[in-house]
Amino acid sequence: LSLRPSHLRDLALAAGAFVLCLWLGQAAHAGSPAPPTPVAPVPEREPGSVPKVASYTLTARLDAGEHRIDGRGTIDFLNTTRAPLKALYFHLYLNAFKHEKSVFLRSPFGEGRGGARAAEWGYIDVKSLRARELGGVDLWPTRTSGSPEEPDDETDVRVALPRALEPGARLTLDVEFTSKLPRVVLRTGYAGSFHLAGQWFPKLARVDEGGTHHHFPFHPQAEFFADYGTYDVTIDVPDDMIVGATGSRLASRKSGGRRVERYRAEAVHDFAFTAWNGFLERNRTIDGVAVRMLYPSGHDRNADATLSAVEATLPRGSKLYGRYPYPTLTIVHPPEEAAQAGGMEYPTLITTGGHWFSGLFGDRSVEAVTIHELYHQWFYGLVATDETRSPFLDEGLTSYAELRTLDVTYGPGSLFHGFGLELSASGLARAFSAKRGEDAPLTLPAREFPGFRALAALVYSRTATILETLARVYGRDALERGLGNFARRHRFAHPRPVDLIEALEGELGSDAARVLEVALHHRGRVDYVVRDLVNAKERSPAGIFDQAGKRETVTETPTVPERFRARAVVYRHGSLTFPVDIALVDEQGTVTRKKWDGVGHFHVVEHRGPSPIARVVVDPDQRVLLDDDLMNNAVATAPSYPFRTLERASYAATLSLSLLGP
Amino acid sequence: MKRRTAMIVLDFALRSAFGLLVALPLAATVAGTAIGQFPEGDRLLFAPGGVYLTEVTRLLLPALPPLLTSSLLTTLAFSLLLVLPHSALLVALSETTESPRAAFWGRALERVPTLLAVTALALLAELALLLVFAGLAGMVGRAVAGERSADLAAAVVLVIGVALAAAVGLARDLGRAAAVTRDLDGIEALRHGVRTLAGRASTAFLSWVGPSLLSIIIVAAAALFTGVLDASRPDAWRSGLILVLHQVTLFALAWCRALWLSSSLALSAGFNRPS
Chain L
1 LSLRPSHLRD LALAAGAFVL CLWLGQAAHA GSPAPPTPVA PVPEREPGSV PKVASYTLTA
61 RLDAGEHRID GRGTIDFLNT TRAPLKALYF HLYLNAFKHE KSVFLRSPFG EGRGGARAAE
121 WGYIDVKSLR ARELGGVDLW PTRTSGSPEE PDDETDVRVA LPRALEPGAR LTLDVEFTSK
181 LPRVVLRTGY AGSFHLAGQW FPKLARVDEG GTHHHFPFHP QAEFFADYGT YDVTIDVPDD
241 MIVGATGSRL ASRKSGGRRV ERYRAEAVHD FAFTAWNGFL ERNRTIDGVA VRMLYPSGHD
301 RNADATLSAV EATLPRGSKL YGRYPYPTLT IVHPPEEAAQ AGGMEYPTLI TTGGHWFSGL
361 FGDRSVEAVT IHELYHQWFY GLVATDETRS PFLDEGLTSY AELRTLDVTY GPGSLFHGFG
421 LELSASGLAR AFSAKRGEDA PLTLPAREFP GFRALAALVY SRTATILETL ARVYGRDALE
481 RGLGNFARRH RFAHPRPVDL IEALEGELGS DAARVLEVAL HHRGRVDYVV RDLVNAKERS
541 PAGIFDQAGK RETVTETPTV PERFRARAVV YRHGSLTFPV DIALVDEQGT VTRKKWDGVG
601 HFHVVEHRGP SPIARVVVDP DQRVLLDDDL MNNAVATAPS YPFRTLERAS YAATLSLSLL
661 GP
Chain G
1 MKRRTAMIVL DFALRSAFGL LVALPLAATV AGTAIGQFPE GDRLLFAPGG VYLTEVTRLL
61 LPALPPLLTS SLLTTLAFSL LLVLPHSALL VALSETTESP RAAFWGRALE RVPTLLAVTA
121 LALLAELALL LVFAGLAGMV GRAVAGERSA DLAAAVVLVI GVALAAAVGL ARDLGRAAAV
181 TRDLDGIEAL RHGVRTLAGR ASTAFLSWVG PSLLSIIIVA AAALFTGVLD ASRPDAWRSG
241 LILVLHQVTL FALAWCRALW LSSSLALSAG FNRPS
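Protein chains in written order, with the working numbering: chain L, 1 to 662; chain G, 1 to 275.
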């Protein structure tokens, strides 16, 4: 017997095939009963592969006494569109706080999303803007308003280029500017020595593939929209300050009473930093990400709660919506006097908030804000939708992910637990959604909502409630896969509402997609109502019958044993259609379930059985969380009195009498 | 002894009855939301997650402010009416031998105006104190640097204010006792209460703190057991047991109150102004 190399190869092949068979058998066996798990049908893009459309290399020197940032550096712009560009548009967001003729401060109450007025003026002065490829001439003096219909507003500026920038061409702009931070308003500014610099530099407006610039004056109800690029920023602050910023810290040195730190972030579309001499710092690695937490003294418990929320969210977000691709995450808990700086998202940097005693009495506000802002790393950061035109895309999807994570992590007391009560965050969102469901279409641009309260209830709560309803009716796994596909397919891109509907249709089906479209675009609503429950004993037909030439009078005869017929009508008000269960409870307590596909305006439910039907409930499992009014979802022949409520209220009143009385 | 027990029971029963009357409109309003149409009834309001509680609150929101205002006014009115059983309890506790029924009720009724005056004056003083200390707490909070330190400093000031208001409450109770034992009028009774408190502060405090702490422990324990019993679960016995638990709690509170009133009567009777 001689062994040749080919024999060895065949043996290896056979062994390999055998092992593969075993593995496949094992996988099939293990796989069959397991519930579907989210898969990644779309490969995830990595930051390195993202075109650098608008990149910034800046130096920012903070004058902590004057709350001023002196900035200089270069902006590299790559024309990735199909059209030659004759101009560039810059957003100077801080100019919203420059004077009361700005669109922002002309809002009905001079307030922004956070509800605060600008207590001090803030602005950006651009000193020069020179394009190296265009002869180095200062282009800034030739600027005009980007929004001629708002001539007094200075947040949207158009800079004409001496010659068009062809597709694929690059422009290097040398820029010099000074930014004056206002007292903290709308997530930017200063309070004492605390500084949060957001929207602090002249920022290029996004240009889409067709060459259209997405520029707009800064409106108090709106946020931002920009292209991806690399940010390389050197921050120069007094040396007693601790700095937190977007991206990774590449270098840090002290000299001449100053601290100079360099940060770099790839494939992001904004850059923010904070500097304060009161920060405490914690560092932890969570899911492979270096998490840095900056917080004021007295907030150790909040820091614990925040990091624990990040531990629950970061791996979950990566699993569901694509891996968090950055090496760092910075979390800033502003001091109380700068509370307005809290609750904001920037790439790889989020701000949270809360009193030092938050959570002591059973609320989970710190966890909620942390989870919300962290999910913005996906729905805003990695999927950079137009926050001004379609705010529901980032805030709505983020709110859904937040509420779901709160419910999964903290159970039914995800909003509040204490005093014998457990309130869930999704339950409260449902109430807000029901209250203002018809105020306006969800897909309005931010500035077109009648007010921020309407925007908040619709964009945040109603979008989340719509998605939660889709999950409960059509399947949680399918919805999460759909959202995951949306997030992965449009990672480092700028999708529109139609892309979301398309991604969800792929997993949930066309019925769900139709519902979603009506709910989003056409103020779709639904209210299931049960009415008119009646019971009757079954009996033989009575009356005068003419049969075979004979007239016979038949009297009614009850069936033996006794049987009953019941009838109730379930109505569907509104334009949305969901399949629902209907529960019929007879007087013996036996429950019979029937199904209605929800199509049509009403559905007659009939039942025959040995006992009369005492109650009928539509959607007994509360799948349609979007139902406008839950209290009309049941009907009874003899409603029960709320004795438990009376007992509890009476006990509370008697205790009050003990306090107030003698 | 029999009369004392009867008066404690009367005090408890009237308080519970008044509490029930205050709560009835709220329960009727909740009944109007159709929660009773559901198989679970108002058990849904106690369900984890609070979806139906939130929904009922949302639907009743416009009706709640007037409802709560009227409940508060009714509570105030009932608390005035409770002065009568309180007076009867004080008289019963002050008797070494039981007087004839007519004389007993005559004396109890006779003391009512004085007790009302003492109550009103003390309430005024307590409110004034709390307002002043709330203002002081705000000032201290603003003056102290650091969020947590400022809040804690303000809380300390508030606690001092509450403690002083509680001291006024002690003086009021001692004054009420004096009104019964010494037949004083309102202002004199309150003065006597203040003097008794000032003269025998530690004894008064120790006599008051025991029943008060016991009351707090009883209420907290009742809350704990109510949570354990979980009214959202379907068994009817749970609701029944919660009802019994709450009534036992209220009766225990009435007993604790009587303990302190006995002490206050003894203190008041035994205290004479030092010459």
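Simulated from the structure, these hints should not be mistaken for lab results. Worth double-checking, as some hints may not be accurate.
If you want the footprint, here are the derived chain G segments under chain L, 3+ residues with CB under 8 Å [to be verified]:
no., stretch
1, 21-27
2, 67-77
3, 92-102
4, 156-164
5, 218-230
What the simulated footprint calls covered on chain G by chain L, stretch by stretch (three residues with Cβ under 8 Å from a Cβ of chain L suffice, anywhere in the stretch; the number is not a length) [said to hold, decoys possible]:
no., stretch
6, 199-209
7, 237-245
Partial pick of chain L residues on the chain G-facing surface, computed with a CB cut under 8 Å [said to hold, decoys possible]:
no., residue
8, T212
9, A440
10, I501
11, A649
12, S650
Beta carbons: idealized from backbone N, C-alpha and C, even for Gly.
So, going through the hints one by one against the coordinates:
{"no.": "1", "hint": "21-27", "verdict": "holds (count 5)"}
{"no.": "2", "hint": "67-77", "verdict": "holds (count 3)"}
{"no.": "3", "hint": "92-102", "verdict": "violated (count 0)"}
{"no.": "4", "hint": "156-164", "verdict": "violated (count 0)"}
{"no.": "5", "hint": "218-230", "verdict": "holds (count 4)"}
{"no.": "6", "hint": "199-209", "verdict": "violated (count 0)"}
{"no.": "7", "hint": "237-245", "verdict": "holds (count 3)"}
{"no.": "8", "hint": "T212", "verdict": "violated (43 Å)"}
{"no.": "9", "hint": "A440", "verdict": "violated (19 Å)"}
{"no.": "10", "hint": "I501", "verdict": "violated (27 Å)"}
{"no.": "11", "hint": "A649", "verdict": "holds (4 Å)"}
{"no.": "12", "hint": "S650", "verdict": "holds (4 Å)"}
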